[in-house]
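Chain order of the listed sequences is Z and S. Quick note on the numbering used here: the first sequence kicks off at 55 and runs consecutively. Quick note on the numbering used here: the second sequence kicks off at 55 and runs consecutively.
Please keep in mind that the hints were generated in silico from the structure rather than gathered at the bench. Watch out, some of these pointers could steer you wrong.
Each pair may be met inside one copy or between any two copies, as identical chains are not told apart.
[Stated by the list, open to error] 30 Å max Cα-Cα, derived DSSO-like pairs, lysine-lysine:
#1 65 <-> 176
#2 144 <-> 81
#3 436 <-> 202
#4 426 <-> 414
#5 414 <-> 390
#6 208 <-> 252
#7 203 <-> 327
#8 351 <-> 252
#9 390 <-> 436
#10 84 <-> 65
#11 426 <-> 78
#12 252 <-> 203
#13 203 <-> 436
#14 140 <-> 392
#15 392 <-> 414
#16 65 <-> 135
#17 81 <-> 414
#18 426 <-> 203
#19 140 <-> 324
Number of protein chains: 2
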Amino acid sequence: MPLARLKGFEKLTGVDDALRLFLKELKPAKLGVDCVPISEALERVVAENVVALGDLPSFDRSAMDGFAVRASDTFEASQFKSRLLKLTEKEIVNEGEASQVWTGGMLPEGADAVVMLEHTRKVNGEIEVLAAVTPGENVSKRGEDIRKKEVVVKAGVRLQPQHLGLLAGLGITHINVARKPKVAILSTGNELVELGQKPEPGQVVSVNQLILSAMCRQLGAETVNLGIARDNLNEISGKIADGLRQADAVVTTGGTSVGYADLVSIVVSKLGKPGVIVHGIAMRPAMPTALAIVRGKPVFILSGYPVASLFGFEVFVRPTILRLLGIEHEPRPMLKAKLTRRVASALGRRVYLRVYVLQKEGEFFAEPIRTKGSGVLSTMTKANGYVVIPEDREGLEEGETVIVHLFDRIGGT
Amino acid sequence: MPLARLKGFEKLTGVDDALRLFLKELKPAKLGVDCVPISEALERVVAENVVALGDLPSFDRSAMDGFAVRASDTFEASQFKSRLLKLTEKEIVNEGEASQVWTGGMLPEGADAVVMLEHTRKVNGEIEVLAAVTPGENVSKRGEDIRKKEVVVKAGVRLQPQHLGLLAGLGITHINVARKPKVAILSTGNELVELGQKPEPGQVVSVNQLILSAMCRQLGAETVNLGIARDNLNEISGKIADGLRQADAVVTTGGTSVGYADLVSIVVSKLGKPGVIVHGIAMRPAMPTALAIVRGKPVFILSGYPVASLFGFEVFVRPTILRLLGIEHEPRPMLKAKLTRRVASALGRRVYLRVYVLQKEGEFFAEPIRTKGSGVLSTMTKANGYVVIPEDREGLEEGETVIVHLFDRIGGT
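All chains, full assembly: derive it from the sequences and hints.
If you want it as structure tokens, here you go:
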């Protein structure tokens, strides 16, 4: 096996610089559009601004159960001095008339207000009004929710239930959403076996495939499973080339540490221009991450360590997928919490500290998870979020307020 | 049309009391178990504690690329005084020997530490060690991640990518998860037409079906679409009875306001015991919500107003679905934010205030959305979270710190 580089990385690139360099070179373009029924559009990303073709509601509606009237007919009415109005069933309310309406029902022509049922009495086909109403009272005006030509949902929005409701209300049955990016995932390493196979001594089950493809799906991407490649130039090269044919992006894990063969980055740079853009990031975990571009498609060369590959994905793959989907800004849910103990960190590295956030008597606390290295996946299942320790800090203090990025539910006591 | 109750609710029940009364009567039991491959288990809820059948890793592994050695052989080594070790390719490392290992590879018998590649030089088939290592250094010990018999994932956990990885690492290919609850959804109202139909004047497109079924799916429930029922006892009764046959829970919208006919709650109480448990909640929006149980199955009778039905779902349906899934505690993501302006609220009601949260210079601000009633769905698409104003407050102050429950992504500037 060739020992390409035996020394440590000569220079580590800062996280922000690495991502900026990479995205500048990649110029990720949106991937085209799917037109889907809105019943299937939950969590899809809107491809272009949706403009209302009409008002919502499309007519003046009653906001209450009661009687549609001309407000001026009620001005003198009170519980001490009722006003009698003639009950009409015609589609027009004239002076001195009232027409029964239900919540959400159309206001008849001529009427401009609704007297609540509770403020009326029915007396021999006449309506006794016991309270005055002002024009517009208890009426939802046409266009109150959305006005014609208004932008209802903007491009880049990930559709939530309430967006779907609004689109439906406007009679919109289909919507153009960003096509799902396809991400091909390859695990490399002689020691790996597929899930379901029994590992021999010295072998381990490949876990990154499953983790990273689940992370892709949570973002709304599809995945192509390229399986496992041995630590062999031809095998790795063939599988990555296959991934580049089938997918919009390729993610590999393993074979990135310096001193090892650096096989994957060698292979990728041979597959096409411009090849590896950055290798070695001033971060922890995931320092040996490499970012490459082959003929316009991104290739992410992540560590084989599960926690390191996970953070490599979080920091570099996630924002790239969001760009491909046309999303400008989609932070994970975050919150401020008090750190429950001091943690040390290395100056000059951006550290992603795993924490468990819980709510106790209305306050949020972040408990740092004791980590033993980036191979220990249970530190991720014990955590529900992470805190970013900046490059210019040597650690965080006990009791310090930190911003936690959540990847699982908040705990409680 | 019968006018069952013309007066307002005689007594409103508090939110906490209503939910407690209802759940006490319902005694929601878990719904049984599906055994699924872990590749399909993302976001499913674990049905029973998963226990490790072996250690992870299952053998001592090298945490670095380098040479496996006996630490005692290196104690005197330094960059000024190297120690020469004999390179061996046997599966055992004896005194004075070193064996090449790669990250993740099994430590050979006899070795108890790894010298990093960077701290060695290869000299004529011998290894010059330039740094001392202590026993265990650069070694991931067997069981370091998970120990045999340890609980790996607890019942009630909604599986995230990292959980799937850990299960895979332990060789677990399938997992028992809670069966997806089935929720049947019925919209009632003479004014409603299905999405795709052109509404006549006075008609509106039914939107609640789409909103509530999307909310169900986000929780991991399946839905049965019962369509639209006219305001007619037999039609409503038939469809709810159908829902009760097919599903674990029924949700209806419309026909709950007092003064109107209260048709749905009349129908539900006739369908079986114990019928309506609570009707009229001291909350805003969603005051006319009713909670019922028919032969052990929950029936949620929500307002026809989209925003009110959405909050009725949030406050009553959501926790019930979580119980059916076996989840004790799954709050939405939340955070503390500063309210940007004063809001008034009614004493004695719990108010769900829609807000838009954004992050500005590291601080979180919550901007109350100006609402015009619970029919205006665009107030929900403009918001990304809500704040609960307690019953004993008459409002919230400008600059006050509030807890926001997030239902969409945080904005930024």
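Here is how each hint holds up against the structure:
no. : hint        : in the structure
1   : 65 <-> 176  : between (86 Å within a copy, 24 Å between copies)
2   : 144 <-> 81  : neither (63 Å within a copy, 51 Å between copies)
3   : 436 <-> 202 : between (50 Å within a copy, 17 Å between copies)
4   : 426 <-> 414 : within (27 Å within a copy, 35 Å between copies)
5   : 414 <-> 390 : both (14 Å within a copy, 13 Å between copies)
6   : 208 <-> 252 : between (50 Å within a copy, 25 Å between copies)
7   : 203 <-> 327 : neither (45 Å within a copy, 50 Å between copies)
8   : 351 <-> 252 : neither (35 Å within a copy, 45 Å between copies)
9   : 390 <-> 436 : both (19 Å within a copy, 23 Å between copies)
10  : 84 <-> 65   : neither (33 Å within a copy, 55 Å between copies)
11  : 426 <-> 78  : neither (35 Å within a copy, 45 Å between copies)
12  : 252 <-> 203 : between (61 Å within a copy, 19 Å between copies)
13  : 203 <-> 436 : between (49 Å within a copy, 17 Å between copies)
14  : 140 <-> 392 : neither (66 Å within a copy, 52 Å between copies)
15  : 392 <-> 414 : both (11 Å within a copy, 20 Å between copies)
16  : 65 <-> 135  : between (88 Å within a copy, 28 Å between copies)
17  : 81 <-> 414  : between (45 Å within a copy, 27 Å between copies)
18  : 426 <-> 203 : between (57 Å within a copy, 20 Å between copies)
19  : 140 <-> 324 : neither (88 Å within a copy, 36 Å between copies)
In terms of the numbered hints stated before, the structure departs from hints 2, 7, 8, 10, 11, 14 and 19, listed from lowest to highest.
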